[in-house]
Amino acid sequence: MSKQTQTVKPKKTFSDYWSSYSTVAILVLMLIVFSALKPSAFLSTNNFVKIIEQSSITILLACGEFFGIILGGIDLSVSSTMALSGVVCAKLMLAGWPPVLAVLVGIILFGAVVGAINGSLINLTNLPPFIITLGTQAIFRGFTYILSDARSVSGISTGFMQFVGGKLGGVVPMPIVIALIVALILIFFTTKTRAGRNIYALGGNPSSAYYAGITTKRHQLLCFVISGVCASLAGMVNIARLGSAEPNAGTGYETYAIASVIIGGASFFGGQGVVWKVVIGGLIIGVINNGLNMVGLSSYYQQIAMGALIILAVTLDRFFGASKDK
Amino acid sequence: MLGLFLKKRNALTSGQKEKMVHMNSLVEMRNITKKFPGVTALSGVNFDVQPGEVHVLLGENGAGKSTLMKMLSGAYEPTEGTMVANGKEFPRFTPRISQENGISIIYQELSVIDEISIQENIFVGKLLTKKVAGISLVDNATMKQRTQEVLDEIGLKRSPGTRAGQLSIPEKQMVEIAKAVAFDAKVIIMDEPTSSLTTEEINHLFEIVDRLKKQGKGIVFISHKLDEVMAIGDRVTVLKDGQYIGTYPISEMNEDKLVTMMVGREIKGTYLQDPNRDYGDDIIFEAKDITRKDNRCRNISFQLKRGEILGFSGLVGAGRTELMEAIFGAAPMKTGEMTLLGEKLNIKCPYDALKAGIALVTENRRVTGFSPFFSIKQNLIQAKYLKESKFGGMTGLINKKMEQEVAEEQRAAMQIKCATTNQTITELSGGNQQKVILGKWMASDPKLIIFDEPTKGIDVGTKSEIYKLMRALAERGIGVLVVSSEMPELLSTCDRIVVFSDGKKNGEFTSLEATEEALVRAATT
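So the protein sequences, as listed, match chains W and C.
Residue numbers 1 to 326, in our numbering, belong to the letters of the first sequence in order.
Residue numbers 1 to 525, in our numbering, belong to the letters of the second sequence in order.
Source of the hints: derived by calculation from the structure; they are not laboratory data.
We put the CB at the ideal spot given by N, CA and C, even for glycine.
Hints should not be assumed to be uniformly reliable.
As the list claims (entries may be wrong) - BS3-like cross-link-like pairs, simulated, lysine-lysine; straight-line CA separation at most 30 Å:
1. C:K355 x W:K217
2. C:K288 x C:K240
3. W:K192 x C:K288
Unchecked claim - What follows is a list of derived Cβ distance ranges for each label pair:
4. W:P128 x C:G165: 16 to 26 Å
5. W:S120 x C:A231: 46 to 56 Å
6. W:L134 x C:V138: 33 to 43 Å
7. W:P128 x C:G317: 26 to 36 Å
As the list claims (entries may be wrong) - In silico contact screen, one side only, chain W against chain C (beta carbon under 10 Å); selected entries:
8. G196
9. R197
10. Y200
11. L202
12. G204
13. S208
14. G213
15. I214
16. L222
One chain only, chain C, in its complex shape (with noise of 0.2 Å):
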């Protein structure tokens, strides 16, 4: 199979390549629609894929993007449209058509093995064969040369019995990509590639990609870094909640337009700040260069006044869950300094943090937020019972009695609708579950209270209700941080918007001066 392929290559290399452009599309999706139960997630998309190009895939989280693409892998069916393919037509792709129509996909999570070797990871599922004496082998011969083609192809520097545990990141990725240009992939869909790479990693990637689309392959770009998209893409298809806005040539864009384009909606929603409130020199919070100790986020410092609240925007991975966890005392950091009501903090673990005053409402409610065979009631007062307690927070014993207190008082306050306090936590919904968690640190009497993502997955009503009781703890003097990736939450919730982009402070906004499109600027530049 690969042979063919090479030979197919030497043919491409050999002049025809300008031709290839605008020839038949290699695959096309006219007029797509996608409703799920309740939703509609994509309206009316068109999307084609030229040969030799780059067509860059651009839209916020929740754009549609992965539900396009999860059409084209033939994972979903369209609604509605019609999928094109070489020239024909089908209702949809099932995973075989995708996959005999040359189409491949690289996720952002890596699908590479790291217990066996590069060809074997090139080769798995599809292992060749020789036969000896009637019994057929795994024949590791001629998989180790194709290998090699293939990696020398691509321009990586291992040999093809390297452990894939051994590689780095962008290495594994070309693995993946060496395993698409092995089975003779005509479009190759590349999720959000440089999500973790360096600038250095960055460059070499697309000097592969440019050679893919030398070679006649059509590549599938998706990503929300104007930059990047600008430097790589021919053409570009912008999406915006699950609308089409269309299809042009990179030559006539720039980020500006770009930007316009993927957040252009309106903002809906009641303003909780008031923008021209001046809340004076009383500094609650201050950090000061924070550097991690594996610099996932570098340098930050920032200052939090009484009755502000400080929001953090920017794309996952860019730095903000990451200085959460430093300054909770959950990541190490490799410099860094904290003052909490003008005390200096040494902060070396959550347990420092919670003795400090310091609540994180973490991002992943079920795998860090509460303590799942617990009862709602055993939740409410873990912070207090641990904050109360000397020596690790191992001293003191239960007391039933102040137990029931703090679990009512805390169920007032928050609102948890429960039948009793006993029931538990896992009976509740997403948004009872995070009231719960707001009321443990609530209980433990903090004077800084950390949301990361406080309203995912969480319906309207709770959201609103979330909002007005961080207001309400800024305006009791307590100071709180947002990490939101929802722009319309941070600003109107937020007084103050500091932007990260890999790992560094990229900007900060007052509410006057934040608007969805220079929070996007701000992240992706």
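With the rest of the complex left out, here is chain W (with noise of 0.2 Å):
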């Protein structure tokens, strides 16, 4: 078996290698270029620690986001459920709930069912997750301001900020933990399981996977649950670093989140794409704000580079990507 599959290895040609490897390079290439332009403050422990924990609510956003592009739709609430969440659980600890039990019901549950609401408003109206999702972002921010009386909520348990919060044997940030295992959850879905195949196929060719067997709405709405849970993920760990839940967080955040996808390699049109190359995107987002910060330019020209580099991403695998699918 192995002989065979040897003599008849297809050589690989260029557009092979881009598409695998074109996100890592994107991301070795600005590692390369902040070094050289700010060695001092760029190449520290400490400042990687920093990029890496603030990388960690873009990672966790993106993740669930790259559910809603697989599908060749989009999920533009995953920002609004990130402070919706992060509200209903800095309650639920203000009651005197215990954290567990509120990251349990207040996470965990509660972005599933906000997922669920998503996924069942596109299933039932068949239309577009873009438009569903765009007034879902809008409802989740309402509710969000009318839970919180539009102001921060405190109470929030010192365990769980300095938990959550906290760093990992002292170093490593507790936030990028959970992301990456987060993430591994889902390389494992996406890669390892059947209903992680068949969500490829129902990105790739929404008709022949119906017409193949697949059970299209179920798997639709499951990808909206996925990408709720992330999101409220990210809630958590925002609260839990900022030590108490603001209504207006995470505001444009979903911007990042598919940049990230996108940087990612994945398909906009839905079915190709992969989540490790969306964890380096959301590091290559973080990468950027950190070192455009460092070499001293205002948050208005991260914005311009970070545009810029969406369209440069995208363009040059369109150009290299596209000799082969012919």
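Make one complex out of these two single chains by using the hints.
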């Protein structure tokens, strides 16, 4: 068997290498550029820990967003879900719930419910996810303000803050540990389970997936549930880091999430993409933000750099990836 | 422009129309041959349109009707032959010549734009303008008035401002006719205009055709429904496999003669079934009184015996594919019962069908056949995974070893030609893709396989492989249903053939009784 596969192994072309390693290449390139520009500030363990910690929320959001995009859709509500579940979790702790229970109910369960609302609305109305989640983005944000009285919610247990916002072994930030655990679970889900495989089929061609016997609505619902839970976990990390739940938390973060997924090489038309590259995509966003800060550019320039990078990444992908699909 | 047209119409209707017949032809095509690389699509065809007649163009799918019409519209250039319009000869028509000589085509796929009004549809691309203080503005008032005149003329009772999206299909068709009339078309070509109309709507269309005819327009009516041809036509030109059979007055024709001319080809090829075989009474699949919610097929009942291949013949849109979608759970049923191997089925979606052991090899491979980004292997394992998983096919893990085994097994069984099963399926030829789809279903251990146009766009060699495979499946006791528009295919593979017409079963033939003539007749009456 191994002999056979060896003899027919097709020659790898540049576009093959590009589609495998472009995301990593961009990350390395960014690290080199910033190291060269500002070696003193950028190249330090402390700064890397900071980058990783800052990236963890983006990575969590992006991991969820990936499941909207893999379907050929999108989830614009992740930023609002993050804020809403943060407030819910904080309120539960304020009401005296033990942190573990508050996280299970206010984050995991609540995130799943929020995602199920998105998924069910999309299934029921057959409207594009863009429309539905554009609506729920506003709705969830509205509930966040109502629930919090538009004020930050304090009363978060210190134990929770020290654990979730702290450092594992005093070195590795807990947020990135959480983000990586989530990413690992999702990597397993997408590559090793049949439901994961089905989701790729569904995103690649919904009608052929339906005619192959895939229960399209169920799988679609599942994708949005995953997205909701990931966004909620981002909300949990956020309140732990800040020590309070802010009703306007995460505003505009869906852009970072979408950018991470796209820079991570996932197809906007669905059916193509891998989770580990989305994690790299999230890191790239973190490096850019941090690096530009170090170089001393204002956050306005960061916006421009981010936007340019998204366009560049997708253009290059089109250009080099094009010869592959014919 | 329209005013001119109206004047002309009045002149015509005041008694001159009788003389118009057999005056000079509006258009004429003499001895037309069209060759594409490797194929001769048309050879030696003569065709002309006289003022005030309905000239029917008759032929099976692929007979060359559309190719001929594309030369009239200026899309194609004839390889040999002469085109004549209003007495002037041309080596070919350009779209411009075609337009200047008043040739207008109403395609089967209507081009009405839903989002804009009737009047905008009629004047789309040719908006009337008026000058106000030196600036050209759209002249809505005049367009509205003219649209109203044309609508009155053809009898469409809608206001010009109505959004086209609110119109029914026949009304949209009338808008297309109105468009032709508004721009003074002399020759109106209607490509299968009745294919999506009900009997009542067809009658109304015929009234309009009659009216246009009386105004001295030449109508080319493309159809393969014989009763309509007899009812509306003045003359008929028959094409068969690109050959010109002849042009005849309808008065000298009857349906039998037309059928013979349309299909009188020799059927070559081997017959895979034994017409004298008795299949007994072992019924493996039975459908009772299936009616789709959208009524696209109605009251269909049939039985399939062990070892048999059952074919479904009929025109495109007659309800065959629609029935198969309903059986497979891809379209909801209003009524209907199904039994497979003695068990009553309750199928709501393709997943249920898969679980019950029903497979559907769809007509449109690229759209509904396979997952385009998946490898051959991933496509081959898809149905088996789903069937073996629970909870809507969501449980279970990927099993690389099983994947490899199933892929190699099906690759050998279906003789899929590929370097490795890790190749992307889109790298394969159409025939090999079809084999992968078949292999996918076979891996799920089906009890009933439905083939919808199984050899569409597939080379001859692979075709015969697929026929043999279908026969082998039937011998193994798997139910085989075949929908096909290629009659030789059905005649050479099926033990029985059910013919559909207009959403209903309109005949059933054993392989002894089935002939092309009989099938065409049942499909067109």
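Now the hints, each set against the structure:
| no. | hint | result |
| --- | --- | --- |
| 1 | C:K355 x W:K217 | holds, 17 Å |
| 2 | C:K288 x C:K240 | violated, 37 Å |
| 3 | W:K192 x C:K288 | violated, 42 Å |
| 4 | W:P128 x C:G165: 16 to 26 Å | holds, 19 Å |
| 5 | W:S120 x C:A231: 46 to 56 Å | holds, 52 Å |
| 6 | W:L134 x C:V138: 33 to 43 Å | holds, 34 Å |
| 7 | W:P128 x C:G317: 26 to 36 Å | holds, 29 Å |
| 8 | G196 | holds, 8 Å |
| 9 | R197 | holds, 6 Å |
| 10 | Y200 | holds, 7 Å |
| 11 | L202 | holds, 9 Å |
| 12 | G204 | holds, 4 Å |
| 13 | S208 | holds, 5 Å |
| 14 | G213 | holds, 4 Å |
| 15 | I214 | holds, 6 Å |
| 16 | L222 | holds, 7 Å |
When each numbered hint is compared with the structure, violations occur for hints 2 and 3.
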